[in-house]
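Novice: Given next are the chains, with one letter for each unit.
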Amino acid sequence: CQLAPVYSGGSSGEAQTLLSGVEIMPIADKSGFMVRDRLVERMNPSGNATLRLEVALDDDIIGFGVRGDNSIIRERRTLRARYRLIEIATGAVLLDTTASADAGIDVVSSEYAVVAAEATALERLSRDIADQIVARLALLARTQKTAQAPQ
Amino acid sequence: QGITTSALRGLDNKAPIDVDADRIDVLDQQNQAIFTGNVRVRQGNLTLEADRIKVAYSRPAKGDPVIQRLDADGNVRLATPSERATSRFGIYDVDKRILTLIGNVVLTQGTTKVQGNRLTIDLASGRSTLDGKTSTGQPGSRVSGRFAVPDRK
Amino acid sequence: QEPGPPSAAPALATPMVEFQADTLSYDENLDVITAEGNVAVQRDGQRLTADTVVYNRKLGTVSASGNVRVDSGDGTVAVADGFELTETLRDGAVDNVLLILADGSRLAAKDGKRENGLSTLNRAAYSPCAVVDDAGCPTRPVWQLKAVKVVHDPARGRVFYTGARLEMFGVPVMALPRLSHPDGFDRNQSGLLSPDVRYTRELGGELRIPYYWSIAPGKDFTATTHVYTNVVPMVEAQYRQLFAGGPIQIGVMGTYAKGEAEDSQTGEIVTTGARFRGAFDARGQIEHGDGWRSSFSSRLTNDDNFLGRYQVSLDSRLRTTYALERFEPNRYFSVRGWAFQDLTSGVDGKLSPFVLPLVDFMWRLPDKTPLGGSVLLQANSLGLYRREGQSMARALASAQWDRSLLTPLGQRITFTGLVRGDVYTSSDSSEADIAFYAGRDGWKARLIPLAAVDMEWPFAGPFFGGTQTLSPRLQFVASTATANESIPNEDSRAVDLEESNLFALNRFPGYDRWEGGARMTYGVDWRWQKPGIAVQAQVGQSYRLDDKDNLFPEGTGLAGRVSDVVGRASVRIGRYVEVTQRLRLDKDSLAIRRNETDLAIGSRRSFLSVGYLKYNRNIALEDLPDHEEVRAGARVAFGKYWAVFGSTVIDLTSTAEDPLTTNDGWQPIRARLGVSYTDECFDFGLTWKRNYIDNPNARQGDTILFTLALRNLG
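Residue numbers (this note's numbering), protein chains in the order written: chain U, 6 to 156; chain Y, 940 to 1092; chain W, 5 to 718.
Since the hints were made in silico from the structure, they are not lab data.
Please note: incorrect hints may appear among the correct ones.
Said to hold, decoys possible - Partial selection, computed: residues in chain U whose CB lies under 10 Å from chain W:
(1) Leu8
(2) Pro10
(3) Ser16
(4) Gly68
(5) Glu92
(6) Ile93
(7) Gln137
(8) Arg141
(9) Thr148
As the list claims (entries may be wrong) - What follows is a set of in silico ranges between Cβ atoms, one per label pair, in the way DEER data are often shown:
(10) W/Ala541 x U/Arg87: 22 to 32 Å
(11) U/Asn49 x W/Val640: 35 to 45 Å
(12) W/Gly425 x U/Thr148: 29 to 39 Å
(13) W/Gly446 x U/Arg57: 47 to 57 Å
(14) U/Thr148 x W/Ile605: 26 to 36 Å
(15) U/Ile67 x W/Pro476: 26 to 36 Å
(16) W/Leu375 x U/Arg57: 48 to 58 Å
(17) U/Arg87 x W/Val239: 40 to 50 Å
(18) U/Ile67 x W/Val256: 50 to 60 Å
(19) W/Val640 x U/Arg87: 42 to 52 Å
Claimed, not checked - With a cut-off of at most 25 Å between alpha-carbon atoms, the simulated DSS-like pairs for lysine-lysine come out as follows:
(20) W/Lys591 x W/Lys552
(21) U/Lys35 x W/Lys372
(22) Y/Lys1072 x Y/Lys1052
(23) Y/Lys1001 x Y/Lys1035
(24) Y/Lys1052 x W/Lys62
(25) W/Lys153 x W/Lys117
These numbers come from a predicted model, not from an experiment.
Every residue gets a Cβ at the ideal spot worked out from N, C-alpha and C, and that includes glycine.
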């Protein structure tokens, strides 16, 4: 199977060129701040954008591992993102898809330790979601390139 | 102030009818006279104007001719102190005391305004009927209108 | 000369009636206008259509006959054989009338009259149900209300009945002598909501009667009385208000009754004396503008078993928190407070900590210096106070520099430099509940430098009609051996290596513990995407280059120089099938340490979801026993309106896995099974719930829940 590096050509390759031409819109809440911070760091927007990325996040925590006394021993925090890449000039939606990441949290004896672990999990999930979005957008450059000039 | 009783009620069809126009052509054998150009017919407080009115009269043994019927066409306008109507044709059958206006009839009385295709006013009974029928009696357009509601406190 | 067009109608001072008809006749003597031939009459929003309309101007009456239809402009339509109306077209008498209200519900009557908006109907029947089935042929409404007299008062937006009788499926069911309900115009109408009925072994039969009071747009209050056969009634009140900045909601519930608790010596469940027992909850989020926002939520109770016993919730830990946050494009700041209430029996409330202030600050510096990298400044402070037990406070600040570059071969290499300074103080460490976490009293400080290099090399290519990506990743992290034991550990206790924290710079959660030393972490991420199919898999492990001061407790997967292998895989087919498998394998024996499998099939209407977990971590430090469990939930919708649903949680832990457990590998904890019917006018639900283990907050036994809601009546 022919596998080629996604970022071949380095910072002047198609993938990074596409990524730096994207304007990343603000995203709500603390998770939104962290996702956007990671997106900006990895995509390195150049300022004159031709594409616009809109991201909406949904975060929830469920408990499971139920013991006899109805107490739970494990939580799972899931961060879901729905994101769209829009061509600014035409308004055409180039990509409209979702990404999700989850992390497990042990319900330890101190409830504050659980709260802190949930917060740390959110930081890690935000980075993970941002990385998934960047990887998916970089792929887009590849398919457009192959579409334009198939090998 | 709404529809006041129409001044047409009780029009005395015996009252003299005088007609003036730019031109008169008398067809004596058919007992008819055709008035053309700004024709105006007046009987009592009723005025009928039109571009052309054909008058048919009968000639009793002695005395003046008696107008039986008037046929008006072109810009027919009927006016009385209380209402006004316009249409394309108009027929005033003096004997039967029926006045008929045909062809997008608009009847205005104070703030009341009604439109239809054929208006028949029976001067004897005081009943007037407006409908959408065309001159040949076919169901033509609809009747519509607006009338004020007398405010009764 | 040509008379001018009729003078323009005077300004609409006097109310005008407009009409269309086939013929119109006017009788001067009687002053009666008769219009015939699908007559339409409009007057300021009222519209009447009929075969014949006779308008007697002297008496001011309008009588319409021949499939008469009056559309009153506010959504109500009346259809009748004959109508005697005043000129206002608003009031009048009618016979054989059908009133169709704005929300589609219908009110039919032998005869009726309407005066200045108030419609009174005699021998009437009301129903919001459809009167035609899908094919359009007439069908009997599921339920209807028949009454001697019905009054519809649009001003108060309600319909009032005298001598009413509820008929369901054509069978008289219940007499409701005096009844009133909203007429569907204004959704949030005050009034009774639909009651529901339950049965539990403990409380006996229960009737819940909620009363909803819409105080003003954006402000409402609901009071629910719970009446039981075995115990004293309980009252619940909830207030909601929508401020300019956002919504808040406050709820209180309480009763004066006996309670149940676990006897600390015998462990038996005993009844305790009658006293006031209740719970409080509140939530809200208010935007203050200029990026500032407050959010708060709180749950409190004064009886550990109240929430469970009265079927409110089975949570054993309640949280109260307030957060003031500031959002800016490159900066985030928040100050937060926490308080906790532990409901598990035998836990002393004085040990629960109060946390204030918990400050969080992140600032991404805009320009790319030094060396083309970007810098993130962070600061955090924590004050944690316990009435009995250890209290501590800390303040820390860090600067993290990241510089990532792409090589022509497509490798993304990221260099990271981090320096962090912490200051801690602690008191009463000797009274800490777990000595291992206590650290030592007094002031401590530490400085943490870190350097890391991270290399990812993503490849992509076509694969069976889709695209696959394969990205290996290698990371080196080096940090000095840092002081940990002398520092109290309040927020780094929930440690478990998994794929989501494998590549984190510090695999401890929180800040109190820092993973020092040098290590190498490697992993690979493989994805395959095709329209309708998404498959992904990640696996990874880390290796400690030095073996000093490894603080990770046993069972967390990080205790040895070589970490356990962590991985995860998921397959999603269309929107209807998703399977996710998470694993941690022992580094030596590759035995399963943590295994979580989740399966979800189907759409929202009909689905099956199964979750399986097996923990074989033998964690000594925390009260986290090895555990095996399966939980399943399913809903099958059939027909247009029916659905059957169920869920269960089964504890599969056997004594081999957890010597303390009493069950033998198959112990259902709880189960639920129910059937529901909902159509446009009628909701019905019957649910059976069973608790298999006897707890003071959820007694062993069955609960039957029966809900019946007639739309607009409830």
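Novice: Determine for every hint whether it applies to the structure shown.
Specialist: Results of checking the hints against the structure:
no.	hint	in the structure
1	Leu8	holds (4 Å)
2	Pro10	holds (3 Å)
3	Ser16	holds (5 Å)
4	Gly68	holds (8 Å)
5	Glu92	violated (21 Å)
6	Ile93	violated (19 Å)
7	Gln137	holds (9 Å)
8	Arg141	holds (8 Å)
9	Thr148	holds (7 Å)
10	W/Ala541 x U/Arg87: 22 to 32 Å	holds (23 Å)
11	U/Asn49 x W/Val640: 35 to 45 Å	violated (50 Å)
12	W/Gly425 x U/Thr148: 29 to 39 Å	violated (47 Å)
13	W/Gly446 x U/Arg57: 47 to 57 Å	holds (54 Å)
14	U/Thr148 x W/Ile605: 26 to 36 Å	holds (30 Å)
15	U/Ile67 x W/Pro476: 26 to 36 Å	holds (32 Å)
16	W/Leu375 x U/Arg57: 48 to 58 Å	violated (30 Å)
17	U/Arg87 x W/Val239: 40 to 50 Å	holds (42 Å)
18	U/Ile67 x W/Val256: 50 to 60 Å	violated (27 Å)
19	W/Val640 x U/Arg87: 42 to 52 Å	violated (28 Å)
20	W/Lys591 x W/Lys552	holds (19 Å)
21	U/Lys35 x W/Lys372	holds (23 Å)
22	Y/Lys1072 x Y/Lys1052	holds (18 Å)
23	Y/Lys1001 x Y/Lys1035	holds (23 Å)
24	Y/Lys1052 x W/Lys62	holds (19 Å)
25	W/Lys153 x W/Lys117	holds (11 Å)
Hints 5, 6, 11, 12, 16, 18, 19, counting from the list given before, are not met by this structure.
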